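Fit chain B to the given chain A structure using the hints.
Protein chains: 2
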Amino acid sequence: MITSIEESPLYRIANARSMAFFGASNSISSMGTHLLLSLKAGGYPGVVYPVHRTEDTVLDFKAYRRVEDLPEAPDLAVIVLPTRIVNDTLEACGKKGIRNAVVVTAGFREMGADGAALEAELKRIARTYHMNIVGPNCLGVANPHRHINTTFIPNEGPQGFVGLASQSGSFVTQMFEYLSGFGLGFSTAFSVGNEAMLDIVDCMEYLALCPHTKVIALYIEGIRRGRAFMDAARAISPHKPIVAFYAGGSAAGKSAGLSHTGALAGPDELYDGMFRQAGVIRAQSMVELFDFCWVLGTMPLPKGKSVVIQTHSGGPGAAAADACGRAGLVLPKLSPDTLEKLAPFIPATGSVGNPVDLTFAKDYSDFYYKIPKILLEEEQNDILLVYLLSPPQVIERALRQMGYDEKMAAEQAPKLVELHAGQLAGLFQSKKKPIIGFSFHRPDTHVMEQVILKGLPVFQGADRAARAAKALVAYAGVRLRSVKS
Amino acid sequence: MITSIEESPLYRIANARSMAFFGASNSISSMGTHLLLSLKAGGYPGVVYPVHRTEDTVLDFKAYRRVEDLPEAPDLAVIVLPTRIVNDTLEACGKKGIRNAVVVTAGFREMGADGAALEAELKRIARTYHMNIVGPNCLGVANPHRHINTTFIPNEGPQGFVGLASQSGSFVTQMFEYLSGFGLGFSTAFSVGNEAMLDIVDCMEYLALCPHTKVIALYIEGIRRGRAFMDAARAISPHKPIVAFYAGGSAAGKSAGLSHTGALAGPDELYDGMFRQAGVIRAQSMVELFDFCWVLGTMPLPKGKSVVIQTHSGGPGAAAADACGRAGLVLPKLSPDTLEKLAPFIPATGSVGNPVDLTFAKDYSDFYYKIPKILLEEEQNDILLVYLLSPPQVIERALRQMGYDEKMAAEQAPKLVELHAGQLAGLFQSKKKPIIGFSFHRPDTHVMEQVILKGLPVFQGADRAARAAKALVAYAGVRLRSVKS
Chain A
19 MITSIEESPL
29 YRIANARSMA
39 FFGASNSISS
49 MGTHLLLSLK
59 AGGYPGVVYP
69 VHRTEDTVLD
79 FKAYRRVEDL
89 PEAPDLAVIV
99 LPTRIVNDTL
109 EACGKKGIRN
119 AVVVTAGFRE
129 MGADGAALEA
139 ELKRIARTYH
149 MNIVGPNCLG
159 VANPHRHINT
169 TFIPNEGPQG
179 FVGLASQSGS
189 FVTQMFEYLS
199 GFGLGFSTAF
209 SVGNEAMLDI
219 VDCMEYLALC
229 PHTKVIALYI
239 EGIRRGRAFM
249 DAARAISPHK
259 PIVAFYAGGS
269 AAGKSAGLSH
279 TGALAGPDEL
289 YDGMFRQAGV
299 IRAQSMVELF
309 DFCWVLGTMP
319 LPKGKSVVIQ
329 THSGGPGAAA
339 ADACGRAGLV
349 LPKLSPDTLE
359 KLAPFIPATG
369 SVGNPVDLTF
379 AKDYSDFYYK
389 IPKILLEEEQ
399 NDILLVYLLS
409 PPQVIERALR
419 QMGYDEKMAA
429 EQAPKLVELH
439 AGQLAGLFQS
449 KKKPIIGFSF
459 HRPDTHVMEQ
469 VILKGLPVFQ
479 GADRAARAAK
489 ALVAYAGVRL
499 RSVKS
Chain B
19 MITSIEESPL
29 YRIANARSMA
39 FFGASNSISS
49 MGTHLLLSLK
59 AGGYPGVVYP
69 VHRTEDTVLD
79 FKAYRRVEDL
89 PEAPDLAVIV
99 LPTRIVNDTL
109 EACGKKGIRN
119 AVVVTAGFRE
129 MGADGAALEA
139 ELKRIARTYH
149 MNIVGPNCLG
159 VANPHRHINT
169 TFIPNEGPQG
179 FVGLASQSGS
189 FVTQMFEYLS
199 GFGLGFSTAF
209 SVGNEAMLDI
219 VDCMEYLALC
229 PHTKVIALYI
239 EGIRRGRAFM
249 DAARAISPHK
259 PIVAFYAGGS
269 AAGKSAGLSH
279 TGALAGPDEL
289 YDGMFRQAGV
299 IRAQSMVELF
309 DFCWVLGTMP
319 LPKGKSVVIQ
329 THSGGPGAAA
339 ADACGRAGLV
349 LPKLSPDTLE
359 KLAPFIPATG
369 SVGNPVDLTF
379 AKDYSDFYYK
389 IPKILLEEEQ
399 NDILLVYLLS
409 PPQVIERALR
419 QMGYDEKMAA
429 EQAPKLVELH
439 AGQLAGLFQS
449 KKKPIIGFSF
459 HRPDTHVMEQ
469 VILKGLPVFQ
479 GADRAARAAK
489 ALVAYAGVRL
499 RSVKS
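Keeping their order, the protein sequence lines are chains A and B.
For the first sequence, my numbering assigns the number 19 to the initial residue and increments by one for each residue that follows.
For the second sequence, my numbering assigns the number 19 to the initial residue and increments by one for each residue that follows.
Honestly, the hints are just simulated from the structure, not real lab data.
Hints may be right or wrong, so weigh each one.
Stated by the list, open to error - Derived BS3-like pairs (lysine-lysine); straight-line CA-CA distance at most 25 Å:
{"no.": "1", "chain 1": "A", "residue 1": "K425", "chain 2": "B", "residue 2": "K58"}
{"no.": "2", "chain 1": "B", "residue 1": "K425", "chain 2": "A", "residue 2": "K58"}
{"no.": "3", "chain 1": "B", "residue 1": "K80", "chain 2": "B", "residue 2": "K58"}
What the hints assert, rightly or not - If you want the ones that stay clear, here's a sample from chain A, every Cβ over 12 Å from chain B, calculated:
{"no.": "4", "residue": "E25"}
{"no.": "5", "residue": "Y62"}
{"no.": "6", "residue": "E73"}
{"no.": "7", "residue": "K113"}
{"no.": "8", "residue": "I143"}
{"no.": "9", "residue": "T146"}
{"no.": "10", "residue": "N150"}
{"no.": "11", "residue": "R164"}
{"no.": "12", "residue": "P229"}
{"no.": "13", "residue": "R243"}
{"no.": "14", "residue": "A253"}
{"no.": "15", "residue": "A296"}
{"no.": "16", "residue": "R499"}
This one's a predicted model, so the numbers in the text were calculated from it and none came from an experiment.
Ideal Cβ positions, reconstructed from N, Cα and C, are used throughout, including at glycine.
So here's chain A without its partners, still in its complex pose:
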């Protein structure tokens, strides 16, 4: 294991100060052009050296005819050339003194025997010139904190805390938009492709030391270095959570993965055991992978698995209770002391069991602050699951009851939603216990946007929230185990 991030073979790839770019041109019909456009659109502050046989400038960057002509050996070469000229280009880069490369080009091992021979040659060149290579057959790296993005989709999402190592390039590029919907973004995301040289384990080691990365996400179709993976995961997981989605579990998934990157998948149970032993939290889908990252990256860890559910509707309460039960969480009864504190806030029709069901919110501020505060202050409650419902019509009506006229109520309602979201989010910080929201509001509604903006994870439906809570509990267990051992 490396002990500082600078030692990582990925360091100068994810933090390249200068890049040679092979395959970009002024024609929009070449893929390389799109990659360079993404880099440019992201505001990359480093030096870019397009290498092009005929052009003097490429996308306004001064171009060079041959890599030998570059004024320096840049940190990184990005190669998006036809397969047959990749190895020659790599060799020229090596001679020039370039020590890092992203090979985007496909057509290697994943394409059968001829491709495998090309990949063997690529590896020989890499060893000869001591080059660190990501790929081939990948999309490279996106590090929003350095405005680096070698993929073909511009990253319009925020700088974030999710470190991703992915055996699928799509699950880098197509998550820019997806994650931004939750206010999330990547710290750094690697598309590892065929992993000819650097693999998912190298990425984990890099991300473990990356200061922007709070949680490591893995998309896995097959692990090549099982032993190294276990060692790395075991060393990292007590300090930084690792979440993995393994898509090779079923026979169908295995066969699809094989034709994708040529990775050999193992039986589902094998991976399950590996993950458990190494302290890796397993997700069952891509959606769940990032659900788990969201809570692990934002919420304090719970002391135990006791959940208290707060709702003002019986159905969502029952559904959440059921989802918690299925996820292996427990719902303790509230103490007499807590019941007494809650009494003033619960209408006669309400229920002060667990779930705490208000039936309706007498006062939305109570729902967003006073009640959850009481619930979090009860020693035995480790996690609060809260059902978020703030229909603008209902908030406006409540304001009108307080004497506002129609126009003022319409103006004040969004402000009230913002206030409430902030109040609730403030509690996980002051009480140091996780709060997870669930809701059926559309993601584009004001209340959802505000709650997320204020830092609370909120999921559509109770089961995603309960499973995310379980991921927190599971990771708290990983931490505890490591302290004990």
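Frame of chain A; chain B shown alone:
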């Protein structure tokens, strides 16, 4: 079983031509007012008779001091009064000749022995006057096709095909907004509350005969009339799909449901067996309940469980293959004939296994029309799962490659997305095989809106799509069984 919808005790509740309204006033602080406001906001075309002790008009409707003063016996009484005066009011309604009531008021059986006594009295009155009663402790009915909505949240969603019977009022009101996000809406939704008289079985029988209802959704915390439920479901399911989410399965869910509506839940396995025997498709969450309704209400039924996956990214393909495998679906190999037809459309880097992985879309029209057409024309493929990815930047670039300038490309890109969405959606109609989309686009993006608008179900993530496909297969099995028996 009833044989015409007019025979249903719910008919004049869900299709009331006139309503007496108890508990609404001109004060925004009473819940009844909100219910009447919802009804009004929905444009209810029938006659409304607010009954109020002192006001001459209520929300601009002419008000009556006592039910005895009404000029006729309206179809329905909606009662949102304090618990203690509900039964007297009901009795007065009975005497007046009103034969149908929605009792929204809570505080009955769900509140212990005193409440149970009140509920027994309510039932006695109902029997004496031959009244059909929904509730108490419910939100009543929403029938967008008749502009009826007795709940406290205005329904701004469309008229739809999902018929819901719910043991939670929230799962009526809070689904207006949720469903509208997918272009879906209710045909009619019933919140059954304590089911003192009419229960979920009555709702199923009504919805079975409702011409607007294509699929029946059930939210269940506990079934009271097991035998009747089985009989009704067995009779209905061969003709109209029934999907159920049962929230009482885990110990925690059971206990929460009990305190909510006083329904006694049974063991999970019992419900599982009942559902299977009666041809009811079981959903594992509210999200899944409506996912299943969506595909069952829009897609033709598959002949078998063979799925072909189309993608232009390896990761989503592998994840979808895995999800299909876990859902019990199979991915057949493509025939030589189909492979030959596909060849012109697949780039060298692509893979023509199953998943069909284009690696990138050479031409988006091929992806949305020519390729899925070939895949659906292959006899053995029963269902098409298609990964939808149309980033506006990439579409615009493709247009620029075709010679459009920047401005024209930006103008044409959304039109192209609309065209593609229509082409793909046209195929499920012409080929009579289900197409299910999956994507990681944000729900508010143009491509998602368009695909949904054109009638295709599209889910975030492969696992929801695969499980929805499995629901179609399961329901096709229910149909087949009924034909054979």
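12 Å cut-off, C-beta based - T146(A) kept clear of every residue in chain B: At about 27 Å from chain B, T146(A) clears the 12 Å cut-off, so the statement holds.
Consistency of the no-contact label for K113(A), given chain B and a CB cut of 12 Å: Given a closest Cβ separation of 28 Å, the condition holds.
Assertion that E25(A) lies farther than 12 Å from chain B (Cβ): holds (29 Å)
Interface-negative label, A253(A) against chain B, beta-carbon threshold 12 Å: holds (27 Å)
Verdict on R164(A) as a residue remote from chain B, using beta-carbon distances over 12 Å: holds (21 Å)
Restraint check for K425(A) with K58(B), where alpha carbons must lie at most 25 Å apart: holds (20 Å)
Agreement of K80(B) and K58(B) with the hint, judged by alpha carbon distance not exceeding 25 Å: holds (14 Å)
Minimum Cβ distance from I143(A) to chain B greater than 12 Å, as the annotation requires: The claim stands: I143(A) keeps its Cβ more than 12 Å from every Cβ of chain B (closest is about 22 Å).
Verdict on P229(A) as a residue remote from chain B, using beta-carbon distances over 12 Å: holds (27 Å)
Chain B versus A296(A) - minimum CB to CB distance exceeding 12 Å, so not interface: holds (21 Å)
Exclusion check [R243(A) not at the chain B interface, CB over 12 Å]: Non-interface label on R243(A) holds, nearest chain B Cβ at 20 Å vs cutoff 12 Å.
Given as non-interface: Y62(A), which should sit over 12 Å from chain B by C-beta: Holds, because the least Cβ-Cβ distance between Y62(A) and chain B comes to about 17 Å, which exceeds 12 Å.
In this structure, every one of the numbered hints holds.
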